[in-house]
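Since the structure of chain A is already known, use the hints to place chain B on it.
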Amino acid sequence: MPIDFSLTDEQKELQKLARRFAREQIAPVAAEYDAREEVPWPIIEKLHGVGLLNAIIPEEYGGLGLGMLEEVIIGEELAWGCMGIYTIPMASDLGITPILLAGSHEQKQRFFKKLTEKPALAAFALSEPGNGSDAAALRTRAVRDGDYYVLNGTKTWISNGGEAEVVVVFATINPEARHKGVIALVVEKGTPGFKANKLHGKMGQRASGTYELVFEDCRVPAANLLGKEGDGFKIAMNTLDKTRIPVAAGSVGLARRALEEATKYAKEREAFGRPIAEFQAIQFKLAEMLMGIETARAYTYYAAWLTDQGLPQAHAAAIAKAYASEMAFEAANQAIQIHGGYGYMHEYPVEKLLRDVKLNQIYEGTNEIQRLIIARHILSG
Amino acid sequence: MKFVAVIRQVPDSESRLKIDAGRVDLSSATLILDQMDEYAVEEVIRLQEKHGGESVIVALGPERFEEAVRTALAMGADRAIHLVQEGYLDPITQAEALAEALRAEAPDVVLTGGQQADWDSQALGPAIAEALGWPVVTWTTALELEDGQARAKHDLDEGAEVVRVSLPAVFTTQQGLNEPRYPTLPGIMKAKKKEIRKIPISAASKVEVLEQSIQERSRLGKVLDGTKDPHAAASELIRLLHEEAKVI
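Residue numbers (UniProt numbering), protein chains in the order written: chain A, 1 to 381; chain B, 1 to 248.
Bound-form chain A, shown alone:
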């Protein structure tokens, strides 16, 4: 039996847990944290309590060793509740992944312990004020000084950057060498010379904390270097090849929410003497949404399956991320359209979906970068 679309009992149970958590713990408070632009620490604590936080850490290091398919199942559910809140555990996994991929046993023990014994977050710091997609052009300098690297520079758009216990920072030991000069260093919270400034005024995903990180003569032990000097760029790219699949999963969850809200409203709202759900113009929109959700979910599962099988998946992750985020953007957009004027107001949950999902088209590699990855896959064959 070569193809099997069924979930294991365990996967069904964790889906149920995540769905219930999203419905009871996330959805009721999502609008409030969005309005206050505040990180919902009580939810992070509860996520930790039920085991949904940092669960990709292997069992030998105190985690649950979840695979990508499990992560995707959970991601869809949590993002149904709030994409911004889901970004917090998702970005933590993004910070964990480089350590998983390139860390030594000793480093994994040291850093993962901090992320499992209590509610705690990780972060991934690649983007800088002057570069995003062109990751090899980073300017943050690392200079070796005895048993330390001395970091100087600024990172920006770093999710969890100010809350995180550990931040994987990408810096260069030789800017001329471009990607060959990049190193990945784990910087712990509270290291002298490391400061995080929260960025305010985000359009959406306002419950996730986004930071500017400033390093001023910040001395980081050389023992925190992941892999060896020059490995950093590859570590960053291999990390993103994996972690953009959960972005796709989150997009599917958000689109599912858009469809549910739109369906509910279309059945209640009357025009010309009958519920607007009876009009084909509305029905077609709903049908388009479900077509998008089903295909995006199926493909996201496929990309996750490739990852779990250890098969090449960079192109599949890129397709899933770009396709699902664009599908979800359109679903949120149409959910507002179906709601009419009410959809434009904060009282209804659909305008937030659109504000939140915009970021899914930008972070973890813009959708334009995803298309470059896909094109490279086509042309390299």
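FYI, nobody ran anything at the bench for these hints, they're computed from the structure.
Note that beta-carbon positions come from the ideal geometry of N, C-alpha and C, so glycine has one too.
There may be inaccurate statements among the hints.
Taking lysine-lysine pairs in the PhoX-like style, the calculated list, with each CA pair at most 25 Å apart, reads [claimed, not checked]:
no., chain 1, residue 1, chain 2, residue 2
1, B, LYS193, A, LYS12
2, B, LYS222, A, LYS267
3, B, LYS190, A, LYS113
4, A, LYS16, B, LYS190
5, A, LYS12, B, LYS194
6, A, LYS16, B, LYS192
7, A, LYS264, B, LYS18
8, A, LYS118, B, LYS50
9, A, LYS189, A, LYS114
10, A, LYS46, B, LYS50
11, B, LYS192, A, LYS12
If the Cβ cut is set under 10 Å, some of the chain B residues that face chain A in the computed set are [as the list claims (entries may be wrong)]:
no., residue
12, THR30
13, ILE32
14, GLU66
15, ARG70
16, THR71
17, GLY187
18, MET189
Leaving out everything else, chain B in the frame of chain A:
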């Protein structure tokens, strides 16, 4: 000590039920562990945490009940016994079958939901107590064990009372007894390895269900026009709320 929670699987309150050929069709409903039974599961786990011993889940129902049993195990109970029988069994017959299994387990405390969510039956807990010849406390909102006895607070129609009962005894739950925990992810993974002993039974129901129907609730759609005479409309609204809706 040994603590047993008797559980059932019921449709999620958000499920849309439909009637097919005079029977409730559950095929498209999401089925969950009954929320009133969830209090029972939480309570046996708490009792075990406090007093040591063992927490056991007992269920009587069709094969599909296993999912609810797994949920209870994922919350933290130690093991489960599932008496398997497809089809409807009335609560008295259920209680007789359950009593046999419970007698063999010889627990100190048996807890079950005060009311089954779907069919609103409140019979199972008291029927189990009757079949076992044990005391029963219904609608329990607080439970403490001391010196081989239990001190329990339970709801009355318009009040409450605190009672002391000898053990073993049966308690049925009421909202407020506790705040059930989520089945955690590690709990879900461990639950896979926990024992569920399946015992096929073939009890004969004393009651046969002939036909089922679902009450259709429709709105009256009464709208008062307040634009012309708001004072009269307000008075009429108060009269309707008082005399017809009887809410004020």
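*If any of the earlier hints don't hold here, list their numbers in rising order.*
Result: no hint breaks.
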